[in-house]
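Student: Given the sequences, and given the hints that come with them, work out the whole structure.
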Amino acid sequence: MATGVAAWLPFARAAAIGWMPVANCPMPPAPREHSKKQDELIILNVSGRRFQTWRTTLDRYPDTLLGSTEKEFFYNEETKEYFFDRDPDAFRSVLNFYRTGKLHYPRYECISAFDEELAFFGIIPEIIGDCCYEEYKDRKRENAERLMDDQEENKDSKLPNMNFRETMWRAFENPHTSTMALVFYYVTGFFIAVSVITNVVETVPCGSTPNQKDVPCGERYTVAFFCMDTACVMIFTVEYLLRLFAAPSRYRFMRSVMSIIDVVAILPYYIGLVMTNNEDVSGAFVTLRVFRVFRIFKFSRHSQGLRILGYTLKSCASELGFLLFSLTMAIIIFATVMFYAEKGSSSSKFTSIPASFWYTIVTMTTLGYGDMVPKTIAGKIFGSICSLSGVLVIALPVPVIVSNFSRIYHQNQRADKRRAQKVQKARLARIRIAKKGSSNAYLQSKRNGLLNELLDLTGSEEEEQHMNKTSSLLESQHHHLLHCLEKTTAHEFVDEQLFEQNCVEGAQFSRSPSLSSQEGFTGTCCTRRSRKRIPLPNASLSTTHTHTHTQGLQELSAIHIQCGDQPSLSTSSRSSLNMKSSERSRINCRGQQITTAVISLPSPTNFPPDGDGHGPANPIPAPPTINTTTSSNIVKVSAL
Amino acid sequence: MAMQGMELLAMAVVIILFFMILKQFGLWEPLSLDDDSSDSELELAMVRHQPEGLEELQAQTKFTRKELQSLYRGFKNECPSGLVDEETFKTIYSQFFPQGDATTYAHFLFNAFDMDRNGSIRFEDFVIGLSVLLRGSVTEKLRWAFNLYDINKDGCITKEEMLAIMKSIYDMMGRYTSPSVKEDAPFEHVEKFFQKMDRNRDGVVTIEEFIETCQKDENIMSSMQLFENVI
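Top line first, the protein sequences correspond to chains A and B.
Counting from 1, one number per residue, gives the positions in the first sequence under this note's numbering.
Counting from 1, one number per residue, gives the positions in the second sequence under this note's numbering.
In short, the hints are calculated from the structure, not lab data.
This structure is a prediction, so every number in the text was calculated from the model and none was measured.
Ideal placement from N, C-alpha and C gives every residue a C-beta, glycine not left out.
Treat the hints with caution; some may be incorrect.
[What the hints assert, rightly or not] Pairwise CB distance ranges, derived in the manner of DEER restraints:
#: 1; chain 1: A; residue 1: Leu396; chain 2: B; residue 2: Glu86; range: 43 to 49 angstroms
#: 2; chain 1: B; residue 1: Leu9; chain 2: A; residue 2: Arg407; range: 43 to 49 angstroms
#: 3; chain 1: A; residue 1: Asp130; chain 2: B; residue 2: Gln225; range: 41 to 47 angstroms
#: 4; chain 1: B; residue 1: Met221; chain 2: A; residue 2: Cys503; range: 51 to 57 angstroms
#: 5; chain 1: B; residue 1: Glu86; chain 2: A; residue 2: Ser384; range: 17 to 23 angstroms
#: 6; chain 1: A; residue 1: Pro399; chain 2: B; residue 2: Phe19; range: 25 to 31 angstroms
#: 7; chain 1: B; residue 1: Leu22; chain 2: A; residue 2: Asp89; range: 54 to 60 angstroms
#: 8; chain 1: A; residue 1: Asp130; chain 2: B; residue 2: Lys216; range: 39 to 45 angstroms
#: 9; chain 1: B; residue 1: Thr64; chain 2: A; residue 2: Asp89; range: 25 to 31 angstroms
#: 10; chain 1: B; residue 1: Leu9; chain 2: A; residue 2: Gly321; range: 29 to 35 angstroms
#: 11; chain 1: B; residue 1: Thr64; chain 2: A; residue 2: Glu72; range: 26 to 32 angstroms
Tutor: Here you go:
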């Protein structure tokens, strides 16, 4: 249960008086509080720093170290305090969790130290409040990645047997793994540079012969440039084919951006080889040469920064789109206005609105070439507004892009964040499961609880104390409250699966839902539930519901039967009950105190008379049983 | 003439920009009246309530000093502002009944505790209500229960009111019960209740009928004593 809720439990129990006049059954007795001690202060000494809190604060979470009896191991008799040899700073967060119900992650704390503290005190990290959970997860992910990177570096050094193809691929992807790869890396880099420089120098005017004007170097030393180009393309082709061969998934490789750039870089050469000296297509041929400049993009394999820049631009697509959109809007508006403002003036360069676009763009980006200038007053006014707004429109989205770049450069990629969304769902599911435990705990302890009450009646002290250890006082009070609600409405809480089973079986058993009114067993609501005419003679239960932790005392499923809770039994037990015709009874071998015995009924006609489930049990001597395993103290109790 | 028109437009734009700049400097405020009200709303929400002193509460209720202290500590921990509104109340109460839907019953309970009907429970309301429930005489408890059932507080319980209460109680059980709750189970329950309580068969249960019938019923009387030692 959550923190403050524990404080409100007395209120909820008191408010249950509202159900009393409505209920038709008597209510179950309240759990006895054996030691009604006042709330006391506990001293927790964590490495010398003393924390004090109420005992009930710690009891709110009984499944952690401080809330359970596990802390008794740390109790120091002389100083009457609990001593923990842990970090006091981290303990602050832990203790605040008990006080407020929310676990916070302090930013200055190291993530692995914090995790260790949580693990020591038995708190699951998923409970960290929403305010701090993002930070916690981010740090945890960074840590995990760092560990993974460290592991990968170690892994790289040792190579189990990889075939030639995989070696080559690894060499291509990580040049620093072997010397050959490094050599290859530098050679290709060199040739990319050479190719790019060649393309550039080709167009430089290169000395002039007396009879002609300046010719670009490319036309003067055609052969030399052609040889250089061929060599580079040769190298690039070989590299591309090698990569294609080594790629683990050829299809994926061919679709990747880098390979497309490679292809685009070398294709113009081959196309140029194919179609030579054809005047018609030479124009297209010239255009193709432009694509040679894409070779410069091959450098992105060599530079991490380039790749990140490309990735940033891709991830900032929305901001870029916004920038473009707002610019377009402004351009159109101002171009229109300028056109109409300058329409009247003579010899105006603003001949049409599209012609004004150029002026607007140049003005908004603060270039100001001066080839188009407004001459009218209105034009000048609007022109100045245009340039002022241009500064704003461009200046606003740019910092967003810049910050994006720096963020991505330092941190993880978006794909990991998308993975985190799935983790969030998993975390919520885990918390839900932990919380659901509370409702299941009630159903479980119902079975224990009935045993408890019966032992109360027979007055055995020892077992009572044993039983009480399994659930705290808070739990037992909460369960008593739920029990009262059950009695008020004359229905019982049941597990989800059992409910489904009931629906199934309800369809099977045609005679099942006979209520007491039909049989003449009127009276208390307990009888309404109890008289099922299913042939369930046997009041005892097989070992399906043994609770091993209850020290050999089996649950009181028999009482469930009497009160009509048969559907909660598993079908197997039912069949076994049907099989056995003779009684199965056990008497507690433990001791003299428990005198309740098992009554089993051989036939449906021998139904026990009506009564509430808590009457005293009649001991009946048992005839020889079928199973006589008395090694463990199994007691099956039925109340008549 | 287009030129004339454009010039006029340009002048208009310049004048508008001029006024916008003036507004920035605060030299010209047109219609800025309703900005302040939104701020003051914020402050009202932050109101907090301090309860009366311990002595007064001791006089008004039957709790001891220590009990009041521990009650207030729990109350204040959960509601630092000193007031419980209906939503918080419903959330808290629903946590005790994870399998069903406790919000409707919590609503009725809230109205029973909130005696001055101002939409929030103060610590005094809380503790006075608890005092009746835990330390009051049986008659007082019965009166309290009657007050809970009587939704419109007109002094008698009609079948509709009882049906609403009963439905809310059955809602708390949730879906997974054994045997499963039938559609008319609350209705039948209400019928039984009225059969028992409504002496003169006039279709409503008055407080005298209620108290009288309950005092005759042993089960109810014994269960009223059940929660004596809750605190």
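Student: Does each hint fit the structure? Answer for all of them.
Tutor: Cross-check of the supplied hints:
1. A/Leu396 with B/Glu86: 43 to 49 angstroms: 45 angstroms, holds
2. B/Leu9 with A/Arg407: 43 to 49 angstroms: 44 angstroms Cβ-Cβ, so the 43 to 49 angstroms window holds.
3. A/Asp130 with B/Gln225: 41 to 47 angstroms: Cβ of A/Asp130 to Cβ of B/Gln225: about 44 angstroms, so the range 41 to 47 angstroms holds.
4. B/Met221 with A/Cys503: 51 to 57 angstroms: 39 angstroms, violated
5. B/Glu86 with A/Ser384: 17 to 23 angstroms: 60 angstroms, violated
6. A/Pro399 with B/Phe19: 25 to 31 angstroms: Check passed, 30 angstroms falls within 25 to 31 angstroms.
7. B/Leu22 with A/Asp89: 54 to 60 angstroms: Since the Cβ atoms of B/Leu22 and A/Asp89 sit about 55 angstroms apart, the hinted range of 54 to 60 angstroms holds.
8. A/Asp130 with B/Lys216: 39 to 45 angstroms: Violated, since A/Asp130 and B/Lys216 (Cβ atoms, about 54 angstroms apart) do not stay within the stated range.
9. B/Thr64 with A/Asp89: 25 to 31 angstroms: Since B/Thr64 and A/Asp89 have Cβ atoms about 39 angstroms apart, the given range 25 to 31 angstroms is violated.
10. B/Leu9 with A/Gly321: 29 to 35 angstroms: 32 angstroms, holds
11. B/Thr64 with A/Glu72: 26 to 32 angstroms: 31 angstroms Cβ-Cβ, so the 26 to 32 angstroms window holds.
In this structure, the earlier hints numbered 4, 5, 8 and 9 are contradicted, and the remaining ones agree with it.
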